[in-house]
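Number of protein chains: 2
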Amino acid sequence: MTDRPIAILGGTGPEGFGLALRWVQAGETVIIGSRDGQRAQQAADKVKQLAGSNARIFGMENVAACGVSDLLVLTIPFSGHAALLKQLKSALRPGSIVIDATVPLAATVGGRASRTLGVWQGSAAQETAELVPEGVVVVAAFQNVGAEMLQGTGPVDCDVIVCSDDADAGHVVRKLASKIAGVRALDGGRLENARILEQITALLIGLNIRHKGHSGIRITGLPAAAYISQ
Amino acid sequence: MTDRPIAILGGTGPEGFGLALRWVQAGETVIIGSRDGQRAQQAADKVKQLAGSNARIFGMENVAACGVSDLLVLTIPFSGHAALLKQLKSALRPGSIVIDATVPLAATVGGRASRTLGVWQGSAAQETAELVPEGVVVVAAFQNVGAEMLQGTGPVDCDVIVCSDDADAGHVVRKLASKIAGVRALDGGRLENARILEQITALLIGLNIRHKGHSGIRITGLPAAAYISQ
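Which chain is which? The protein sequence lines are A and B, in order. Position in the first sequence (first residue = 1) + 2 = the numbering used here. Position in the second sequence (first residue = 1) + 2 = the numbering used here.
Hints in this document: simulated from the structure, not taken from any laboratory. Each residue gets a CB set at the ideal place from its N, CA and C atoms; glycine is no exception. Treat the hints with care, as some may be off.
If you only want the chain A side, here are some residues facing chain B, beta carbon under 8 Å, derived [stated by the list, open to error]: (1) GLN43; (2) PHE60; (3) LYS214; (4) GLY215; (5) GLY218; (6) ILE219.
Turn these sequences into a full structure, and let the hints guide you.
If you want it as structure tokens, here you go:
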């Protein structure tokens, strides 16, 4: 997988930046995508400063990033979610995996970050599945790993639950998740379960506000075999 | 709190039985409630066998249990949820706390246990809030602690997130939850967040089926002060 670059669209934001940093530290090749290619390049430079000059990190405009990667992560506010997907439609190639980390927080339309909007399809990730061209697979993951944890220095104290209707793509993403120090990746079932992952984030944000923390989740009580091995 | 008995309505089922056992072991007085007073008594006898003859555990018909306790826990299938609350309406006294652990699993109407039904009010707990008489406070909790964990012998490896619109009642329930060995109790905010707790259970059931485990959740990344102290 190391030679399959990961493009993080919306990667100049705190969540995407944190994921980029962690994957680069794990030896992955990462492309930060942004509406603005120059801002993407600046974010990539900043990752390089933090991760060292051997880091394989690049910055590109979002559509250009789709041209060089078939492993795309969406870390964008829900307000720009559908618009970006429509913009990418002709750039997305069959066989690509779109990993959606988007949470439809009510804050995106002026509401609370501890509430979600109802998405007609069931979840942001299912909306994505409706908007990508045929042959592109959608996987929901990374909603519950906060930017502060990712940008911290210690291991990430959070499990990543991965939901997809495509078993192979789910496996690829679980492997990718478990490359992040501290993360354990779990198969959360079908894409429809993304609605639960998205809502958990709203709960965690509420806990963060109430208790001044940077919360995450761990699943207990499962056998070791439930977690992916590299 | 020890001299305030806890009545567990639907306490002959595995979840309620597990909670009864844990609280009795912690020195609480517990009443198991059931539609059938005799079955309640049998379950109470079984708890006594497991917890020792000093255990303060009793069995009663549900309505009778409401007459002797103002701290009521609902551990009933969603199919019987509204009917029980209507039946209890005249028995519930103002000042009582109803702790709702009910999850509206689709299995209750023949669907999957890894999916929830949409409840118009937002969650089973919010439905409860609509059905109890004025002056009765509803608290959502215990949805995510599985019966198998509760009936096991070791400490329970799960956090209990407590949601309520009444701060005092929330505090009472967090104290009650943290009496269960291993449990850490957290303030999950307003009752409306019960919808998230209920859906997490569906996710955990899916994980249990997929990975043959008895899963629970832990919240990470919060300061120690976030958890209740006795």
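The hints, checked one at a time:
1. GLN43: Because about 32 Å separates A/GLN43 from the closest Cβ in chain B, which is outside the 8 Å limit, the hint is violated.
2. PHE60: violated, 31 Å
3. LYS214: With Cβ-Cβ at 7 Å, under 8 Å, it holds.
4. GLY215: Since chain B brings a Cβ to about 4 Å from A/GLY215, closer than 8 Å, the hint holds.
5. GLY218: Constraint on A/GLY218 satisfied, holds at 4 Å.
6. ILE219: Cβ of A/ILE219 sits 6 Å from chain B, so the hint holds.
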